[in-house]
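**Q** Given next are the chains, with one letter for each unit.
4 protein chains.
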Amino acid sequence: MDPATVMLYPMTSHETRLRVRYAETDQMGIVYHANYLIWMEVGRVEYCRAAGLRYKDLEAEGINLAVVEAECRYLKPARYDQEIAVVTSVVEASPRMVEFRYDIRDAEQGETLTEGRTRHFFVGRDMRLCKLPEKYRVIFGPKEPGTA
Amino acid sequence: MDPATVMLYPMTSHETRLRVRYAETDQMGIVYHANYLIWMEVGRVEYCRAAGLRYKDLEAEGINLAVVEAECRYLKPARYDQEIAVVTSVVEASPRMVEFRYDIRDAEQGETLTEGRTRHFFVGRDMRLCKLPEKYRVIFGPKEPGTA
Amino acid sequence: MDPATVMLYPMTSHETRLRVRYAETDQMGIVYHANYLIWMEVGRVEYCRAAGLRYKDLEAEGINLAVVEAECRYLKPARYDQEIAVVTSVVEASPRMVEFRYDIRDAEQGETLTEGRTRHFFVGRDMRLCKLPEKYRVIFGPKEPGTA
Amino acid sequence: MDPATVMLYPMTSHETRLRVRYAETDQMGIVYHANYLIWMEVGRVEYCRAAGLRYKDLEAEGINLAVVEAECRYLKPARYDQEIAVVTSVVEASPRMVEFRYDIRDAEQGETLTEGRTRHFFVGRDMRLCKLPEKYRVIFGPKEPGTA
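For the record, the sequence lines run as chains A, B, C and D. Sequential numbering from 8 applies to the first sequence in the working numbering. Sequential numbering from 8 applies to the second sequence in the working numbering. Sequential numbering from 8 applies to the third sequence in the working numbering. Sequential numbering from 8 applies to the fourth sequence in the working numbering.
Isolated chain A (complex conformation) (with noise of 0.2 Å):
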């Protein structure tokens, strides 16, 4: 990013929780990795929600999200009936794209399991490219500079 642009977010993270499902662990013991994307879905859906945006009425307006990259660093296994904490931020954002960063964490202790990242294009129902429209930009990403 371009260290001139001032970018203010609405929000720097947003917390959520959720509990590992028996369904989510795999015969190691431990959760299997796939799961963790999907807790990556539920953060920033629920990061969407608390900054006045409910994603199905984004694709309702025909606009999706759709995943170009995914990443984790898996430092410590989530286990079974582990209360986790999905702490999510938008790190990178313009009319076109929005990148998400992930902490997921131990709930009571606060170490952190997994970090991830999810970049995303903004596409209209065709799953082609299109820009976000304007008054949901507030949500994903930055003002314009001096606009604030």
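Incorrect hints may have been included.
Copies of one chain are not kept apart here, so a pair can be met inside one copy or by any two copies together.
Claimed, not checked - Once the Cα atoms are required to be at most 25 Å apart in a straight line, the calculated SDA-like pairs of lysine to any residue come out as:
1) K138 <-> Y87
2) K63 <-> T19
3) K63 <-> R132
4) K63 <-> T23
5) K138 <-> L82
6) K83 <-> V94
7) K138 <-> E22
Rather than coming from a laboratory, the hints here were simulated on the basis of the structure. Keep in mind the model is a prediction, meaning the values are calculated, not measured.
Keeping the supplied structure of chain A fixed, place chains B, C and D upon it in accordance with the hints.
**A** Relative to the frame of chain A, chains B, C and D by itself:
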């Protein structure tokens, strides 16, 4: 079903195979029970394909098989990396519905692990009940008595 | 069950809530039918917790609830982002087994979306049938007649 | 890696195929992005099998491949019923870790849909780091320089 109705199905049963994924196990060291419903989906899709119908073509015409009932009896657990045979058959059908039965076996020994059934109504894109077009009826269900 | 047996359950039912995840939908635009079994797992784990038993503690003692039967009747599809209430109750229990019933509802309207039941045997770490230790029987099932 | 180390892998890559399940789609009408991680698991298990190692045998000896990093770049969506080729290769290995790379393609056209990588540490049953026994090193990783 009326015993007077002579039903002639184009196939009696179809067998398809799959291998248990690590993702499908849970911390009990066996396959998590919800996954058998997914394997049944694989079974009926391959049943249809073998009978000449790609399920996605049916869907492209605006017809879906909505699941209205599902049932499993778990006899013996499936385990990671096991090769599984899903034997699928149609046990009842009409222009409005179809019921599949499944015998999920160890592919090598032939031993049944789980038995199941799913009952489906044909629905349109609006999720309303509809009739299966004539041309597809031979796939799922009985020919009219005397027309064989 | 022997009609002469008076059964006293500590709870009649327990309600827990969850929100439909995007990952749980399929391309029909509704919740994929296997996910209801996972929600039932959430329901019975929370039933147990409310009755004083963490399922993971039971497992730590070497006792599992192996699913031997599962059944769903799908009445109305659940959709993305919907808030769901899972109402769980025990309908039969003995030292060797327990059967749960589930009423999966729209949390707001109260309308039933799916009804289900699961039947479980108690098994040890070796997957062999076992009896539930006395101290836990009050959780799942009937006190002996006359001992209430 | 030390550039002086000459690494000779027993295989350069292995291709395995699978067909997209309905359960793997979401309401965007495409494969839900977390499922690619599961397909990568299928890819690396079949890579190992082709190289002479059943992953379950490794696990039976008390050695697991714990995932420490995972990454996906989604280029083009996979769709229901599509036949998929997962091309798996080892890009780095040592007695303590292995990194796989995956090229997930449309099986017919050969077009890449998603690229990914996963990095694993070898761990024992207690989840502690361990070294891969000598006899298995030929599977994952480099032969010693000069020993080829």
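**Q** Is it within, between, both or neither when you check K63 against R132 at 25 Å Cα-Cα?
**A** So K63 and R132 pass the 25 Å test inside a copy (13 Å) and across (19 Å) alike.
**Q** Within, between, both or neither: how does the pair K63, T19 come out at a Cα-Cα threshold of 25 Å?
**A** within (22 Å within a copy, 35 Å between copies)
**Q** I want to check one pair: K63 and T23. Are their C-alpha atoms no more than 25 Å apart within a copy, between two copies, both, or neither?
**A** Both: 18 Å inside a copy, 23 Å across copies.
**Q** Could you figure out if K138 and Y87 sit no more than 25 Å apart (CA to CA) within one copy, between two copies, both or neither?
**A** Between. Shortest inter-copy distance 24 Å satisfies the 25 Å Cα cut-off; intra-copy 40 Å does not.
**Q** Between K138 and L82, at a C-alpha cutoff of 25 Å, which is it: within one copy, between copies, both, or neither?
**A** between (36 Å within a copy, 19 Å between copies)
**Q** Treating 25 Å as the Cα threshold, decide for K138 and E22: within, between, both or neither.
**A** neither (27 Å within a copy, 38 Å between copies)
**Q** 25 Å Cα cut-off: does K83 pair with V94 within a copy, between copies, both or neither?
**A** Only inside one copy: K83 and V94 sit 16 Å apart there, 29 Å across copies, limit 25 Å.
Violated hint for the displayed structure: number 7, the only one.
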